[in-house]
Amino acid sequence: MSEFIQDSFLAATICYIISLAFMLRHYRTGATVFLTVGCLCNALSLGVRYYTSFPLLPLYQGSYFVPCILGFCCIKPLLSHSGHPVHTMTVSFLAITALLFPNDYYLPFLQFKTLFSHFFFLFGVVGKAMFFLSGIWALMILMGSDISENTKKMSSTAMWGFFFWTLSIFSGAMWAYLGWGSPVIWDDPLLSTTMAVWLYYTLFLHLHLIPKLYRPVPRSILALLGAVIMFVSTCVPELGIFRWPGGLL
Amino acid sequence: MKIVHAVWSFCGHIHLTLVIMGLMMVDLFVGYHPLKHHPELFAPINDMGFYKWSMTYGFHYLKHTAWLFILVGLLASLSINTFVCTTHRMTKLIKHRRSFSTPIQFLLRLSPHIMHYSMLLMFLGYLISYLGAGTHMGKVLLPGKSISLSSPACTITLKKLDIDYYRGDRIAHMAKRAINVKAVIEIENDHRQKRATLGFNHPVYFSPISIHLKDFRPKTSGGVGRRRFIHVIIKNDPGKYYYFVGMLCFTLGLFMYLWEKRVKKGEFKVSHGQKNK
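Chains A and B are the protein sequences, given in the same order.
Its first residue numbered 1, the first sequence is counted upward by one per residue in the numbering used here.
Its first residue numbered 250, the second sequence is counted upward by one per residue in the numbering used here.
Hints were generated in silico from the structure; no laboratory data involved.
The beta carbon of each residue, even a glycine, is placed where N, CA and C say it ideally should be.
Treat the hints with caution; some may be incorrect.
With a straight-line Cα cutoff of 16 angstroms, these simulated EDC-like cross-link-like pairs (lysine to aspartate or glutamate) come out [said to hold, decoys possible]:
# : chain 1 : residue 1 : chain 2 : residue 2
1 : B       : K285      : A       : D187
2 : A       : K113      : B       : E509
3 : A       : K113      : B       : E289
Sample of chain B residues lacking proximity to chain A, with all beta carbon distances greater than 10 angstroms (derived) [as the list claims (entries may be wrong)]:
#  : residue
4  : L277
5  : E289
6  : T336
7  : Y366
8  : L369
9  : S397
10 : A402
11 : I428
12 : H440
13 : K484
14 : V494
15 : K510
Could you put together the complete structure from these sequences and hints?
Have a look at this one:
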């Protein structure tokens, strides 16, 4: 089963890369088809991973989940011709990162025996995908592509990212309280970076109160910076050590 | 009066929010490294509370813990800033409530302020919790044995301990490992008695305390004569009501905020107090 999980994720990554190649050659239909197939393979891999380990929580395997959610979110832009190679490039980059730096580490599962722990994880990965999407729209604004429409999309996705990130933090607090009697567990270093990302996007949503910064270019720079900060501070620490995917060598 | 007004304006200014939040972010990123490399310095906060921790670990290892003291100071500043800013804006909104076409629009407009006040309520909860919560650590219960607490005065007895072990083969590396723990405990003081089942993520409440299962033995099946016991955390946290109500209200405010954005985008139309898609 473990091989199937790895192979289906490898297939998903290859599909994402082919989709990127099609996008670079301006074959949108082919790119959309391969992105969809990649997302389905990725979802299958995740489904089997979740089923075979449930109720164990794949807490440090968000890197496999984010490209799938982001990929599904990118299908609509690709279909509506507002997509850009940056979309598929980001999905491919995230999938390759997960593939080369796998982290198959599970914590003792008795402590995960609550739905709040799964909400904490799942809302968190959806939030990350939304922040990446916001960063993609920001990059497109900076490249001068449909500034007005993309600014709306950037703001909207950042808002949804903040929504899911907040729900993830609250679910985590509930879980921590039920398990340890305190809403904050002070021995997880990701606690501080998670809060820092939350603060960053809180500030981002307050930009309308600062007219100098509430213009498309400064906002898109900040949205892009937010995605980079989020990736470096919350995704990179969850990656495992470098390893060639099984079967490639 | 002018000074008061100037101080009030300064305290609620958005630029101050920007500075405080920026500093908090930097501080939290700095705090990642001490938390990662010296978790043993921070884990006792949960058991000791912030005040006792700061008097011991906090001041003794100031090089690694300074960021947390700075964070507390910045949180206090952010609380004042948020209170002043949101009170100022809300007062204005209430004064101009007649200019909204429907009461729902007015209510939705209050959503950021609901979130701000909820955040303050959460901070208050954390403050009460870290300064006033009492924790009884290292309490071990053996089947049929009791422990006594002095504050609040009560006796806790472990009546029965059931541990289920994994027998399937779906989950790798779980063979013979415990998958469920049910500890039937009885708590009593002079006035009342309660019998309840304690489990992981399933605490037992006996006002004002809550009992959380921390650990147990044996963790694997097989073998004879092995000691059976549970290890519990006993908390008396008066701040929990505040931060959970705060979280609930913040979530409500967040939903209202998203709805307001949808209304603005034209995806929902609000008229005469009714919504139509």
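Notebook entry, point to check: Going by Cβ atoms, does K484/B stay more than 10 angstroms from chain A at every point?
Noted result: Given that some Cβ of chain A is not farther than 10 angstroms from that of K484/B, nearest at about 4 angstroms, it is violated.
Margin query: Checking one constraint from the list: CA of K113/A to CA of E509/B, max 16 angstroms. Satisfied?
Written below: violated, 36 angstroms
Check: Taking 10 angstroms as the cut and beta carbons as the points, is L369/B off the interface with chain A?
Finding: holds, 14 angstroms
Check: Taking 10 angstroms as the cut and beta carbons as the points, is V494/B off the interface with chain A?
Finding: Holds, because the least Cβ-Cβ distance between V494/B and chain A comes to about 12 angstroms, which exceeds 10 angstroms.
Checklist line | Nearest-CB test (10 angstroms) between chain A and H440/B | finding: holds, 23 angstroms
Check: Taking C-beta pairs only, is K510/B more than 10 angstroms away from all of chain A?
Finding: At about 7 angstroms from chain A, K510/B fails to clear the 10 angstroms cut-off, so the statement is violated.
Next item on the list: Just double-check Y366/B for me: nearest Cβ-Cβ distance to chain A has to come out over 10 angstroms.
Entry: Non-interface label on Y366/B holds, nearest chain A Cβ at 15 angstroms vs cutoff 10 angstroms.
Note to self: Need the status of pair K285/B, D187/A: alpha-carbon distance at most 16 angstroms?
What the structure shows: holds, 8 angstroms
Checklist line | chain A versus S397/B - minimum CB to CB distance exceeding 10 angstroms, so not interface | finding: Non-interface label on S397/B holds, nearest chain A Cβ at 20 angstroms vs cutoff 10 angstroms.
Checklist line | Exclusion check [I428/B not at the chain A interface, CB over 10 angstroms] | finding: Not fine: 7 angstroms to the nearest Cβ puts I428/B too close to chain A.
Next item on the list: Over 10 angstroms to the closest beta carbon of chain A is the bar; see if A402/B clears it.
Entry: About 20 angstroms separates A402/B from the closest Cβ of chain A, which puts it past 10 angstroms; holds.
Notebook entry, point to check: Far enough from chain A: is every CB of that chain over 10 angstroms from the CB of L277/B?
Noted result: Given that some Cβ of chain A is not farther than 10 angstroms from that of L277/B, nearest at about 4 angstroms, it is violated.
Violated hints for the displayed structure, listed by number in ascending order: 2, 3, 4, 5, 11, 13, 15.
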